Amino acid sequence: GAVVSQHPSRVICKSGTSVKIECRSLDFQATTMFWYRQFPKQSLMLMATSNEGSKATYEQGVEKDKFLINHASLTLSTLTVTSAHPEDSSFYICSARDPTSGRGRELFFGEGSRLTVL
Amino acid sequence: GEDVEQSLFLSVREGDSSVINCTYTDSSSTYLYWYKQEPGAGLQLLTYIFSNMDMKQDQRLTVLLNKKDKHLSLRIADTQTGDSAIYFCAAYNFNKFYFGSGTKLNVKP
Chain A
1 GAVVSQHPSR
11 VICKSGTSVK
21 IECRSLDFQA
31 TTMFWYRQFP
41 KQSLMLMATS
51 NEGSKATYEQ
61 GVEKDKFLIN
71 HASLTLSTLT
81 VTSAHPEDSS
91 FYICSARDPT
101 SGRGRELFFG
111 EGSRLTVL
Chain B
119 GEDVEQSLFL
129 SVREGDSSVI
139 NCTYTDSSST
149 YLYWYKQEPG
159 AGLQLLTYIF
169 SNMDMKQDQR
179 LTVLLNKKDK
189 HLSLRIADTQ
199 TGDSAIYFCA
209 AYNFNKFYFG
219 SGTKLNVKP
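Residue numbers (this note's numbering), protein chains in the order written: chain A, 1 to 118; chain B, 119 to 227.
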């Protein structure tokens, strides 16, 4: 299957600092990427949808000024958690698809990034 | 939007078959998926089925879709301890993927 890579896999930061998480599609062009947050009881919450070259579409209840998403190229999207607080500690997962290809109905996930805010 | 639901836990013995169930609410969902998540990792696509199909088989995995009841199931034959993971059902609808809360499969030796 297609490969999506996330970095870093784990990050610990102090309260009030900002953290950037990268999501890369390694062997295909991801015109659309999704960012999810996974809560302790397993459920995945879609945070936003980003399309290459345009602004991200945020889901209701997600603060766009806190969770900055940039999808500047067909292979890279970044999520920046600004002024992080302990309640932002979570497992963040990105996913990618290329709607223009024959595999456009498949969604490929990164390995996830565990954020811990002290 | 779409509402996807699954039971949270399933426990089986090694060698038995596992059946994980999922229901969804929007009949216009065109594709239904099963993903596997191992501890501390992202989600791995296992298989998916187009909504006009009833069944899809891939080695030990069998997906059954009852479109009328909006019910999807994943059967894992000869379940192994390595199959222990969280399994997510997802529905694709209008350029969005909607996920269930995941079923934690525990395989006892």
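Heads up, a few of these hints could be off.
What the hints assert, rightly or not - Residues from chain A that keep clear of chain B, each with C-beta distances beyond 12 Å, as calculated:
no.	residue
1	VAL4
2	THR32
3	ASN51
4	VAL62
5	ASP65
6	THR78
7	THR82
8	PRO86
9	GLU87
10	SER95
11	ARG97
12	PRO99
13	LEU118
As the list claims (entries may be wrong) - In silico DSBU-like links for lysine-lysine, alpha-carbon gap of 30 Å or less:
no.	chain 1	residue 1	chain 2	residue 2
14	B	LYS222	A	LYS41
15	B	LYS188	B	LYS174
16	B	LYS186	A	LYS66
17	A	LYS14	A	LYS66
18	B	LYS214	A	LYS64
19	A	LYS66	B	LYS226
20	A	LYS14	A	LYS41
21	A	LYS14	B	LYS226
22	A	LYS66	B	LYS188
23	A	LYS20	A	LYS55
24	A	LYS20	B	LYS214
25	B	LYS226	B	LYS186
26	B	LYS188	A	LYS41
27	B	LYS185	A	LYS66
28	A	LYS66	A	LYS20
29	B	LYS222	B	LYS186
30	A	LYS55	B	LYS214
31	B	LYS186	A	LYS20
32	A	LYS64	A	LYS14
33	B	LYS188	B	LYS222
34	A	LYS64	A	LYS20
As the list claims (entries may be wrong) - Here are the computed distance ranges between Cβ atoms for each label pair:
no.	chain 1	residue 1	chain 2	residue 2	range
35	B	LYS185	A	ARG10	17 to 23 Å
36	B	THR148	A	ALA72	41 to 47 Å
37	B	HIS189	A	MET45	19 to 25 Å
38	A	SER54	B	GLU156	30 to 36 Å
39	A	THR82	B	ASP172	29 to 35 Å
No lab work stands behind these hints: they were computed from the structure.
Since this is a predicted model, take the numbers as computed values, not measurements.
Glycine residues also receive a C-beta, built at the ideal position from the N, C-alpha and C atoms.
Now for the hints, and whether the structure bears them out:
1. VAL4: violated, 8 Å
2. THR32: violated, 8 Å
3. ASN51: violated, 10 Å
4. VAL62: holds, 14 Å
5. ASP65: Consistent with the label, ASP65 of chain A stays out of reach of chain B, its closest Cβ about 23 Å off (over 12 Å).
6. THR78: holds, 17 Å
7. THR82: With a cut-off of 12 Å, THR82 of chain A remains clear of chain B, as the shortest Cβ separation is near 24 Å.
8. PRO86: The claim stands: PRO86 of chain A keeps its Cβ more than 12 Å from every Cβ of chain B (closest is about 20 Å).
9. GLU87: Given that every Cβ of chain B is farther than 12 Å from that of GLU87 of chain A, nearest at about 20 Å, it holds.
10. SER95: Not fine: 7 Å to the nearest Cβ puts SER95 of chain A too close to chain B.
11. ARG97: violated, 9 Å
12. PRO99: violated, 8 Å
13. LEU118: At about 20 Å from chain B, LEU118 of chain A clears the 12 Å cut-off, so the statement holds.
14. B:LYS222 with A:LYS41: holds, 10 Å
15. B:LYS188 with B:LYS174: Holds. LYS188 of chain B to LYS174 of chain B sits at ~16 Å (cutoff 30 Å).
16. B:LYS186 with A:LYS66: violated, 42 Å
17. A:LYS14 with A:LYS66: holds, 16 Å
18. B:LYS214 with A:LYS64: OK: LYS214 of chain B and LYS64 of chain A at ~19 Å, within 30 Å.
19. A:LYS66 with B:LYS226: violated, 43 Å
20. A:LYS14 with A:LYS41: Measuring from Cα to Cα gives roughly 25 Å; hence the hint holds.
21. A:LYS14 with B:LYS226: violated, 40 Å
22. A:LYS66 with B:LYS188: Roughly 37 Å separates the two Cα atoms, so the pair is violated.
23. A:LYS20 with A:LYS55: Given that 30 Å is the threshold and the Cα spacing comes to 17 Å, the pair holds.
24. A:LYS20 with B:LYS214: OK: LYS20 of chain A and LYS214 of chain B at ~24 Å, within 30 Å.
25. B:LYS226 with B:LYS186: violated, 34 Å
26. B:LYS188 with A:LYS41: holds, 24 Å
27. B:LYS185 with A:LYS66: violated, 40 Å
28. A:LYS66 with A:LYS20: holds, 12 Å
29. B:LYS222 with B:LYS186: Roughly 26 Å between the alpha carbons, so the hint for LYS222 of chain B and LYS186 of chain B holds.
30. A:LYS55 with B:LYS214: Roughly 16 Å between the alpha carbons, so the hint for LYS55 of chain A and LYS214 of chain B holds.
31. B:LYS186 with A:LYS20: violated, 44 Å
32. A:LYS64 with A:LYS14: Measuring from Cα to Cα gives roughly 21 Å; hence the hint holds.
33. B:LYS188 with B:LYS222: holds, 21 Å
34. A:LYS64 with A:LYS20: holds, 14 Å
35. B:LYS185 with A:ARG10: 17 to 23 Å: violated, 41 Å
36. B:THR148 with A:ALA72: 41 to 47 Å: Since THR148 of chain B and ALA72 of chain A have Cβ atoms about 30 Å apart, the given range 41 to 47 Å is violated.
37. B:HIS189 with A:MET45: 19 to 25 Å: holds, 24 Å
38. A:SER54 with B:GLU156: 30 to 36 Å: Holds: the Cβ-Cβ distance is about 34 Å, inside 30 to 36 Å.
39. A:THR82 with B:ASP172: 29 to 35 Å: violated, 48 Å
Of the numbered hints stated above, those contradicted by the structure are hints 1, 2, 3, 10, 11, 12, 16, 19, 21, 22, 25, 27, 31, 35, 36 and 39, listed in ascending order.
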